[in-house]
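These protein sequences, in sequence, are chains A and B.
With the numbering used here applied, the first sequence corresponds to residues 10 to 436, in that order.
With the numbering used here applied, the second sequence corresponds to residues 10 to 436, in that order.
Think of the hints as simulated: they come from the structure by calculation, not from any bench.
Fair warning: there could be bad hints in the mix.
[As the list claims (entries may be wrong)] Pulled a few chain B residues facing chain A out of the computed Cβ check, cut under 8 Å: (1) 36; (2) 38; (3) 42; (4) 284; (5) 298.
Even glycine gets a Cβ: it sits at the ideal position worked out from N, Cα and C.
Number of protein chains: 2
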Amino acid sequence: MALEKKKIAIAGIGTVGKGLVKILEQFGSEIPNLKVSVIASRKKIRLPKKKIFKDTVILNDAKKLIKFEDYDILVELIGGDDGIAKEIVINALKKKKHVVTANKAMISKYWKDINYISKANKCSIKYEAAVAGGVPIIKIIDEFLISNKISRIYGILNGTSNFILTKMLTTGKNFNEILKEAQKLGYAEANPTFDIDGIDTAHKLSILSSLSFNVDSELNKIKTEGIRNINLLDLKFADSLGYKIKLLGICEIKGKIIKNYVYPCLVEKDNFIANVDGVYNGVVVESDFCNKSFFQGEGAGSFPTATSVFSDIKSILDSDVSHLKKLTNNKNIQFSKPEKRFGKYYLRFTTDDKPGVISGIAKEFKKNNISMKSMLQEDSKIIKSKDATIVITTHDCEEKNMIDALVRINKMNFIKKKTVYFRIENF
Amino acid sequence: MALEKKKIAIAGIGTVGKGLVKILEQFGSEIPNLKVSVIASRKKIRLPKKKIFKDTVILNDAKKLIKFEDYDILVELIGGDDGIAKEIVINALKKKKHVVTANKAMISKYWKDINYISKANKCSIKYEAAVAGGVPIIKIIDEFLISNKISRIYGILNGTSNFILTKMLTTGKNFNEILKEAQKLGYAEANPTFDIDGIDTAHKLSILSSLSFNVDSELNKIKTEGIRNINLLDLKFADSLGYKIKLLGICEIKGKIIKNYVYPCLVEKDNFIANVDGVYNGVVVESDFCNKSFFQGEGAGSFPTATSVFSDIKSILDSDVSHLKKLTNNKNIQFSKPEKRFGKYYLRFTTDDKPGVISGIAKEFKKNNISMKSMLQEDSKIIKSKDATIVITTHDCEEKNMIDALVRINKMNFIKKKTVYFRIENF
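One chain only, chain A, in its complex shape:
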């Protein structure tokens, strides 16, 4: 038999923890001898009257798990990159206990360390729930596509910001209005910084990139932009040009160069990812043998995330072989700098409504080797402003050249507001 380890410790009974207790209540009896030996929870909890929770010890402080030995698998659902979550995880691994966690902040930050420690102690660390709750993307990369070389992954990894972008376009309301609605509906937190500034997406992208390319894709090397400044106008212009604006995490490897980006960008409406709306998450994986695969599901929430956690527990119960691969020798790998990006752009200029504006922009583009693909000029009467609005899309060019051109253009006297730009991704 693969297993004597059948006792689980649960640390943290928040949204996901409650979902897990419910799943264990409903499904736990199908796995004989599985027991929850201990739960650490600051708040008082009432456990269902089921065999699986018989004799469960309740601790009021997760710290007490450090000296608690009677478990085989730690399920860490506290969260946070440092602090008690990290402490009990490292402690468990060193005690040769397996770990299941939903903690994206910790896994993305300490990918390498946790990887080494679990390997050294011959036990598993599993974190399906850390990325896209209801989409088994970790399992897909780590088990299904195990024989494939992954070349690129891109996806909508944050439901909150996707809900906001979707709702802005469908209701015609602006960012702040929709953010308030999302907060009322419980789709956005009181402090929405992590979600709307792309940090949550960067955590998840870091994990996907590390796992897919088998390197330590550190968070601080990921160029990250959020959706705080997205203007309804740009969503509409993008729509009329055949695009949707989505906050994407993108990681890519070519030879020894890895690109890790998080930013809102334009994607063609017929791309899989453009049709992922609302709180859904969606991920496209490109690999040598399977080409493009696409996976979509609820990204967060109590039950989809707890489904992931339970799937990880089950997987450890069924197997005692760690799936961890050796880290690729980092020496030869380079992380691409953002200014090296080569691609298309969408630009919205707010200018004086007078002749000579286009030629001024065009001249600066020419100097920087940028060529226009389309141009669209809104009559200043339509958007009720004294200013003219010019939307330009470009052919492929280097980001550095684009930034240089924009710095100079923004200083020109016909420019009324700082020019808005987004990258266009043609996957």
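Chain B: place on chain A using the hints.
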């Protein structure tokens, strides 16, 4: 360690077998001590000069595997529901060897028997490659959603017929023309019966239904219609009504009643599944904890299918615990009869171009408790015919009533051709 079993036997080197040999060549070295001890192939083969193929015995007849003992996992890639494929699989299981197969015909037909035999012998039978090659749908149902109750699965499970339907609409050519093109491109076989008559879809649906609902969803209980008689006209009418016509496999459980259907039907354009075009496969899984999850990828082809096969091999290497669940007691389960379907319909009538036609149809509908939702009449000059074309969509009604009404309507003297009808699915 989970495993001493590290020798694999491959039976059949066709499209998938060649893909598997390539994957083993590229990736096999990452799994120490994995060896291909024997390959059965009618045609002569040349193996790559890799350690994994060192000392591989080549048999010119799969029958010889019956008396061959030196392997731990049989990889059956011959195909066919009976005959040698079934013989060597049963033989292997009885010898307590694990089995990986891509054989949808055999698994769908002998689901129950193979399940019992592998259980009795405490070994695994795995068949990820049997359904939607590049989509890990078996793993998702069996491992990721293990704690979820699945209520419905629907999907495009056959790339050939999806390619034909997609191409008909985009090129405006009729069924026979596109079928010929598909045959030239290698997307359809010389004898395309299995693909276009829905049999291949029914095989796969039977497996998904059996696995999800844990019962023996026998093939002969699945109502199966194909796309042979699909008219370009209907694809266009559906398009103008906001639908696409897709060949779907649908399985659903409500209480103790299971529905298993395979037919072309209208789905709303904004449904995930409506955007699965070309040779792609796509599957939606509805479950209690994860709501809707959607998975899309290449459905067939050498490498996506071999990726599935390899993933199954790896999974057996990592675990010695069989995932098989007990079959639900079949006594209480009922398979719903097709005529019990309750839903919407699309109908195309070809009639005399004269007054009284609509009222004649409407009268018969009323008698059968069917109410119209929309009506669209094409001027006979537009489609260059003496006949009139009337397209009607209905509200929900019972299939039995619809069939009764159509039998009577088709006998009316203003009806010029047998009325075409499709089900509309509102997922």
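*Minimum beta-carbon distance criterion (8 Å), residue 284 of chain B to chain A*: At 6 Å from the nearest chain A Cβ, residue 284 of chain B passes the 8 Å test, so the hint holds.
_chain A contact restraint for residue 298 of chain B - C-beta distance below 8 Å_ = holds (4 Å)
*Was the hint right that residue 38 of chain B lines chain A, CB cutoff 8 Å?*
violated (12 Å)
*Can we keep the residue 36 of chain B interface hint, with Cβ of chain A closer than 8 Å?*
holds (4 Å)
*Under the criterion of a CB-CB separation shorter than 8 Å, is residue 42 of chain B in contact with chain A as hinted?*
Since chain A brings no Cβ nearer than about 13 Å to residue 42 of chain B, farther than 8 Å, the hint is violated.
Of the numbered hints listed earlier, those contradicted by the structure are 2 and 3.
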